[in-house]
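Visitor: Since the structure of chain A is provided, determine the placement of chains B, C and D with the ligands on it from the hints.
Protein chains in written order, with this note's numbering: chain A, 1 to 483; chain B, 484 to 966; chain C, 967 to 1417; chain D, 1418 to 1868.
Do not rely on the hints blindly, as some may be mistaken.
As the list claims (entries may be wrong) - In silico DSBU-like links for lysine-lysine, alpha-carbon gap of 30 Å or less:
id: 1; chain 1: D; residue 1: Lys1702; chain 2: B; residue 2: Lys955
id: 2; chain 1: C; residue 1: Lys1022; chain 2: B; residue 2: Lys505
id: 3; chain 1: A; residue 1: Lys202; chain 2: A; residue 2: Lys222
id: 4; chain 1: D; residue 1: Lys1474; chain 2: C; residue 2: Lys1411
id: 5; chain 1: A; residue 1: Lys88; chain 2: B; residue 2: Lys571
id: 6; chain 1: B; residue 1: Lys685; chain 2: B; residue 2: Lys660
id: 7; chain 1: B; residue 1: Lys571; chain 2: D; residue 2: Lys1473
id: 8; chain 1: D; residue 1: Lys1480; chain 2: B; residue 2: Lys781
id: 9; chain 1: A; residue 1: Lys475; chain 2: C; residue 2: Lys1115
id: 10; chain 1: B; residue 1: Lys945; chain 2: C; residue 2: Lys1251
id: 11; chain 1: A; residue 1: Lys475; chain 2: C; residue 2: Lys1251
id: 12; chain 1: C; residue 1: Lys1271; chain 2: B; residue 2: Lys940
id: 13; chain 1: D; residue 1: Lys1480; chain 2: C; residue 2: Lys1022
id: 14; chain 1: C; residue 1: Lys1029; chain 2: A; residue 2: Lys116
id: 15; chain 1: A; residue 1: Lys202; chain 2: A; residue 2: Lys289
id: 16; chain 1: B; residue 1: Lys660; chain 2: D; residue 2: Lys1566
id: 17; chain 1: B; residue 1: Lys571; chain 2: C; residue 2: Lys1022
id: 18; chain 1: D; residue 1: Lys1480; chain 2: B; residue 2: Lys571
id: 19; chain 1: B; residue 1: Lys505; chain 2: B; residue 2: Lys660
Hints in this document: simulated from the structure, not taken from any laboratory.
For clarity, every value in this text was computed on a predicted model and none was experimentally measured.
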Amino acid sequence: MLIFEKSVQGRAAQAQSPHLQKDAVRIDSSLLRQTKPCLPEVSELETVRHFTNLSRKNFSIDTNFYPLGSCTMKYNPRAAHQFASDEKFLNQHPYIDDDYKQGTLQCLYELQHTIKSVTGMTAVSLTPMAGAQGEFAGVAMIRAYHDERGDKQREEIIVPDAAHGTNPATAFMCGYKVREVATLSDSGDVDLTALKAVLSEKTAGIMLTNPSTLGVFERKIKEIADLTHEAGGLLYYDGANLNAIMGKVRPGDMGFDVMHLNLHKTFATPHGGGGPGAGPVAANSKLAKYLPVPVVQKTATGRYILVDETHYPHSIGKLSTFFGNTGVLIRAYIYAKMLGGNGLTQASTLATLNANYLMTALHKAGFTLAYPQRRASHEFIITLEPEHKIYGITALDVAKCLLDRGIHAPTMYFPLLVAECLLIEPTETESKQQLDEFVDAMIAIRQMMIENAEQLKQAPQKLPVTRLDEVKAAKTLDLVWSE
Amino acid sequence: MLIFEKSVQGRAAQAQSPHLQKDAVRIDSSLLRQTKPCLPEVSELETVRHFTNLSRKNFSIDTNFYPLGSCTMKYNPRAAHQFASDEKFLNQHPYIDDDYKQGTLQCLYELQHTIKSVTGMTAVSLTPMAGAQGEFAGVAMIRAYHDERGDKQREEIIVPDAAHGTNPATAFMCGYKVREVATLSDSGDVDLTALKAVLSEKTAGIMLTNPSTLGVFERKIKEIADLTHEAGGLLYYDGANLNAIMGKVRPGDMGFDVMHLNLHKTFATPHGGGGPGAGPVAANSKLAKYLPVPVVQKTATGRYILVDETHYPHSIGKLSTFFGNTGVLIRAYIYAKMLGGNGLTQASTLATLNANYLMTALHKAGFTLAYPQRRASHEFIITLEPEHKIYGITALDVAKCLLDRGIHAPTMYFPLLVAECLLIEPTETESKQQLDEFVDAMIAIRQMMIENAEQLKQAPQKLPVTRLDEVKAAKTLDLVWSE
Amino acid sequence: MSFTPHTPEDIALMLNSIGIDSVEQLFDEIPSAIRIEGLPDLADGINEMAMGREIKKISAGNKNLLNFIGAGAYQHHIPSAVWQLAGRGELLTAYTPYQAEASQGSLQIIFEFQTMIASLCGMDVANASMYDGASALAESILMAVRANKKTTSKKIVIADSIHPCYLNVMNSITRYQGIEIQCVETDRYNDVNTLKSAAHESFAAVVLPQPNFLGQLTRVDAITDWAHQHHALVIGLVNPVTLGLLKEPGSWGARGADIVCGEGQPLGVPLAGGGPYFGFMACKKQFIRQMPGRIVGKTTDTNGKTGYCLTLQAREQHIRRSKATSNICTNQGLLMTVATIYMSLLGPQGLKNVAIKSHQNTARLIELLNTVKQVHCVYADNFCHEMVIQVPSSAKSVLKKMADRGVAGGYDLATLGQAWADKLLVCSTEVHNENDLQQFITVLKTAIEDV
Amino acid sequence: MSFTPHTPEDIALMLNSIGIDSVEQLFDEIPSAIRIEGLPDLADGINEMAMGREIKKISAGNKNLLNFIGAGAYQHHIPSAVWQLAGRGELLTAYTPYQAEASQGSLQIIFEFQTMIASLCGMDVANASMYDGASALAESILMAVRANKKTTSKKIVIADSIHPCYLNVMNSITRYQGIEIQCVETDRYNDVNTLKSAAHESFAAVVLPQPNFLGQLTRVDAITDWAHQHHALVIGLVNPVTLGLLKEPGSWGARGADIVCGEGQPLGVPLAGGGPYFGFMACKKQFIRQMPGRIVGKTTDTNGKTGYCLTLQAREQHIRRSKATSNICTNQGLLMTVATIYMSLLGPQGLKNVAIKSHQNTARLIELLNTVKQVHCVYADNFCHEMVIQVPSSAKSVLKKMADRGVAGGYDLATLGQAWADKLLVCSTEVHNENDLQQFITVLKTAIEDV
Ligand SMILES: Cc1ncc(COP(=O)(O)O)c(C=O)c1O
Ligand SMILES: Cc1ncc(COP(=O)(O)O)c(C=O)c1O
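So here's chain A without its partners, still in its complex pose (with noise of 0.2 Å):
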């Protein structure tokens, strides 16, 4: 039931409400509203349980074990949570003089510092807010140094054609256009020679990630490098995968020039439903002239400030109003710095670990893999192809049956390149246990579409809801509440 069915007209949360002595306002009527919007009038309790009882309806990370490739959805500590939503940091306007703000910035300064530990880049700047601003962000850097080269022919991005969505688009956004480059089915490697084909004086860079969206380390990553930068193009990281190589290897010694990170994944800040994440850029010597702004700079004092412009000429400029997603930032800090150095390396060993142990134990199961070959980074890739066939069954129904277990699905049919693929990430924060209990519901499932598949079309039957229209609901596009 919608909130604004339970709506009662003169209904409201009466300790909400600011208490007026009248209602005259000094404004020309003619600027006034003469309707009513339609937000709920509901009281206090019927609105807490209206919400309390929505979000029962969802999976979480707190309820649910969440294999999302791509996503790394570990465990989202309480205590980051908890310290960052102290007053000293809530109760701040962004427009208070750096002075007031000293905590915060410090936060923000240690952060940046570990971001660079971490990737092996010289600069950084976190206000993109999510990934894909990231992306933007260092997309337009390279255009930046280009521009600024008087190199305007340079009017290509290659992307991989195993990329994530956002790193088109982007490329798109900073007024390039894509160019496709193949992946080898076999090893998932990028082509070499289908890249030499591409790179040309119009190359201004190339957007990898590395380990790809495939679940495998990029082994030529170097040759890649050498030849981009060869061609006079840059080489953008798309740090999704951060999660895979920390304390391992640096994107930075890899040969990148610029990458985003997103600690919504890597640093384990809660996803929120969909938000908010962070975004921060980093880059290399060659471009951190061109950062956005602000960035956070210690003084020979010791006083944090923040500096736009006037400090960084060449910058980008700003994408967001104030600092990007502050909070989301202070969170970050805190997770990296309750991890340390060691930490974070371990998290990545045994992230690796556990994608490993899960594409191991799946494989033995029966499952056929998209790159047998090869070592898992933090997350795989199966196919269910063989069983499509057989069986008639998709990697959705595969997905919709896990559900009713009380697993979220993996991501499916993403990266596109593999056909009725999953792609399986467990994170390092769950337990040998937790992942044999995936393996059983797996083959519990294969199970069911030996015996059962069209029951198994049939899923989720446990949930709030079983399976749910989407032609239809982009077609009536019904899309607001109405009487």
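Guide: Frame of chain A, contents of chains B, C and D with the ligands only:
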């Protein structure tokens, strides 16, 4: 699954353990533990997931209508919880000097004042930690009064047959014999003839709830008070039903000498799945000097101080190590302050309106009222005896059916006087729509009785478990987990 | 402290099952030339207790002032229930609701949010949030250019003063797509005649702030009609709290604005040093396919039961890739949830009362300011809950002195240029009581004397 | 502000349905002589925003000090997850789990709690909590007298020093049932020989604190055996955190204690000015029917599925009325929940480490105190995490001076009598770091000089 079944030897929520340089202790080894206690060895995520998922198996005010008679399950304002959770209140050792806890003491002092105003009593002690302890305090004070006067032969406490179990149990703990007095079955009032018969020079006092647990106001209260006082006894008021009468009538004016309040009922502090509560005791001038300590006073200079037996040499003593359930008291203070005199009065008005509306509606729907000639107080009783006779169903069956419809069951089989009874208390924070929904549910359940009484006896079917075998639990006495 | 559950036995069993001897082998595909061994630059981890101590020490570097700054971020009362609900694990730690059946909570909340925002704006539809107000404006501009089929112009007229940072962000985001932005300075009522003379050529859209950056109220009807006559779309840039009181953009002029966007922070989101906030976007139904961001639609399940799911995904990057309406993916779901709870608790009357009380407090402050010598209220009428005052010395120095006395006195308008360096943008909302207003005056007086 | 949803129309419809004209008629059975019209003594209500301001002003009257007081309430690190979970509406706002099928969350938590507490104590069973430590001790005494069938004595021997407030509460609660309490002062090891000479007649039970009120460790084995030889029951009074390190009462002497109780606060409950805390009680299985309070048992539903429900309710007041084991009804469910979460997060090793670290910090403090002139560590060994020091002037004056400098230096032992007026009970736990200990020393030195 129990958390112990998720435990793996050597696993731990690493972030929670103190860091030890060495584990040496300077304690005689004969005093040290040799066995590992059965605490689970689980990760932080496993713990969060376990308890989050467990919580989802509960009904609660925040998720369900909870018309549980005698319990006043009203909305627990989130503001009270938030404000009382301020560090300033939480990070305070009880033994710091009064100078450093003036904030807490001010809340308590003002709460004492509020309670005096609402009850018409002259003095209050806030320390009792629940209703039953408040009762204990009150009856002990009655005893102290008689003892001081040398009135040693008074060894009986009179309790109506409809009384809550804590009343006779309390009388016993205070060393009294319990004399039951009957209630008139038509009106629900105390049988005055019966009362006269038990009153004697042995009478220490009488414990009454008014409105009584039958959901009706005891109209002869002044006569009862006079008779009791004439016999040399005192009157104890069980404040569990205070939500019916705030701003309407005061126990002090009814002739009561001492009473408790259940702040976890009337003053909306959360029940916490079985506490903490708070059961302040209030007394008139006759009994004030016997109040349990400590109490809060305000000095001439405006300082708040805690006083103990040195100021209250006649006190019945302390009932808790420190100051009762301080945090609950602060929540109650906030609630009372937000409502104010007008809001508290309105709460009682609308609690009574809701009860009478619901009573009328159920009556119209064909249900049998226990006291059809009477106004409901903030609660009322229906008896399912007719339905029991015709359809063989019980009040328990109906209760379980309500659970299946997402409504918490009313109190069942209490008071014991009324066969197959449900004691229904909607509280003032529920809407007319919610009450109508309840009536609809009851009508639907009645329809089930007619059409399929067997199915009704199988309820609940939609909860985490179906009906539980309580007899088996008592027989096997499986009270702790073991491998 | 990596929050991992692995015991040494677990690791041994897992390695064995994989068929390798050590965890190091897991990384043997990484060229050894670039392998590193851990992160020696970073200190070792600490436990939660130590972190608690550390963060307390750090946060002590933040001072909470009595706040009179607005300038795009507004302090309002936030009901306790809002964040206690939003902090529930099921809302806080869920992913974007791609798996609809396992996300009906989030999806219904988005649907309710869309309804509330669309109605507040007087639009037909809304999306599920953008990053913040400034980026929502940038995306609205890109959207308007795509949506306006009547012109090929990529020119945008900004009618009236908008936040300088919005201008900056707008520029950063739209510049690579050939968007040309013309800012037209108008009088404080934003009279349409100023625009008429400034904007000659054809243009794709007009951005109309209400209230404008200086807190002044725009004469929205005339400009809307004028823009529509010129086949331009109208983008309303609004503060959602003031929409409880002010005319909804859908009713501006004869046909109403076409796209509405703004900063959602006033709806229950704490100031929090600048974020996370959220942007919102609403539009007329005909433009929906050009809208960026996530959109939820109502549908039914296989039993005919109502349910909700993401829809029109073909606009988005994960389907449309380089042809998507935007690259946005993760947005600001939790803040959108917060706003939905906030709007439910306030209701239409409550939100209106917030707007009125904020306005009345600002009016009262002006009244009090009139008694302060050397201070001049630059705009003493036509305001909503923010206004400009002039001080006898630099705003910067006055603000500094005020802050030293615990009051954040306003926003230093020097960012608008030298002519503004003695002016402050001051905001009062319903959170202030008479004492607060008096304290502002007292502290301002002392500050002026002190400078 | 009564949080009521009623609109005037609702009220009119409801009155109409009842068949009356005004809400006043609802109260027409109350004799008019005693009716009042509202509560004019009390101010009108205020909204949440105003209350927030008010409570901030009030709470500013509380000063948080660096704490070295124990004396029955101990400061330990509380993981953030504990209260974020316990604050979930389903745990916070549920009633006592009488309706078992609708309360499986609370019931399973109680079952887990019973298991953890029983095991920590080395007992067979535990209940679902009592009000606090002192009242749990009082109830344990009443229980022991009922349970000890070998003697009709109602005498209780308190072997060793216990908290003076526990004595007070014990007295207040047990006095009306003819209980006689004999306190025996023993040496600091609580040597059994002292007791032998003091306790002549037969007695029902011995109360054995470990550690005792002065932080000293009792020689529990000998006394337990001696008590059992005299057919008395042994009631262990313990601190649950120290049980991570110290021998569980179930293993005291040859047969172990019979009943164990104590204050549960150290298990995740904040100091909070003294409450709400919770008491716990555990016992050997044979005594279970004499145990007061709620108890949860495992059972099955009609499908054979495991479930939990309240059991042995025939002991309780709502069934047994005046013959119940106690009048207790509402207990401390939420704090019991908190403790269960806390113990899960700490685990056996974590809890042990807390006890060890607290002990080590106390040892370190003694080390540092040895360098302070004029201060004498009265008990420099045989402690757990609390000990007694002697200062050159009154403890009261030293504490006052320390508090002025932000340190709560300890508990003033003057409550034990004049001879103790220059002694302080000082506690250190794992929350202190070396800096804190140094600060204690510095402030103590200054305080002594100052007095
Ligand atoms: C590989 C990859 N790149 C980029 C992104 C975009 O990040 P965000 O959603 O934070 O904008 C994602 C997120 O899903 C991703 O998985
Ligand atoms: C009428 C009555 N009296 C006394 C009590 C006991 O109160 P408490 O549970 O707070 O001890 C109750 C609570 O259920 C009650 O309903």
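Visitor: Within 30 Å, alpha carbon to alpha carbon, are lysine 475(A) and lysine 1115(C)?
Guide: holds, 23 Å
Visitor: Between lysine 1029(C) and lysine 116(A), is the straight-line Cα distance small enough, at 30 Å or below?
Guide: The hint holds at about 29 Å.
Visitor: Quickly compare the C-alpha distance for lysine 1022(C) and lysine 505(B) to 30 Å and report which way the hint goes.
Guide: holds, 27 Å
Visitor: Quick one, are lysine 945(B) and lysine 1251(C) close enough, alpha carbons at most 30 Å?
Guide: violated, 41 Å
Visitor: Between the alpha carbons of lysine 571(B) and lysine 1022(C), is the straight-line distance 30 Å or under?
Guide: OK: lysine 571(B) and lysine 1022(C) at ~14 Å, within 30 Å.
Visitor: Take the C-alpha atoms of lysine 1702(D) and lysine 955(B), compute the straight-line distance between them, and say whether it is at most 30 Å.
Guide: holds, 17 Å
Visitor: Does lysine 475(A) pair with lysine 1251(C) here, judged by a C-alpha cut-off of 30 Å?
Guide: Distance ~13 Å between lysine 475(A) and lysine 1251(C) Cα, so the pair holds.
Visitor: When you check the alpha-carbon spacing of lysine 1480(D) and lysine 781(B), does it fall within 30 Å?
Guide: Given pair lysine 1480(D), lysine 781(B) holds - Cα atoms ~19 Å apart, limit 30 Å.
Visitor: Next pair to validate is lysine 660(B) with lysine 1566(D); report whether the Cα-Cα distance is within 30 Å.
Guide: Distance ~23 Å between lysine 660(B) and lysine 1566(D) Cα, so the pair holds.
Visitor: Are lysine 88(A) and lysine 571(B) close enough, with their CA atoms no more than 30 Å apart?
Guide: This hinted pair holds, its Cα atoms lying about 14 Å apart.
Visitor: Holds or violated: lysine 685(B) with lysine 660(B), Cα cutoff 30 Å?
Guide: Roughly 10 Å separates the two Cα atoms, so the pair holds.
Visitor: Taking 30 Å as the top limit, are the C-alpha atoms of lysine 1480(D) and lysine 571(B) close enough?
Guide: Holds, at roughly 7 Å.
Going down the numbered hints, you'll see the structure goes against 10, 19, while the others check out.
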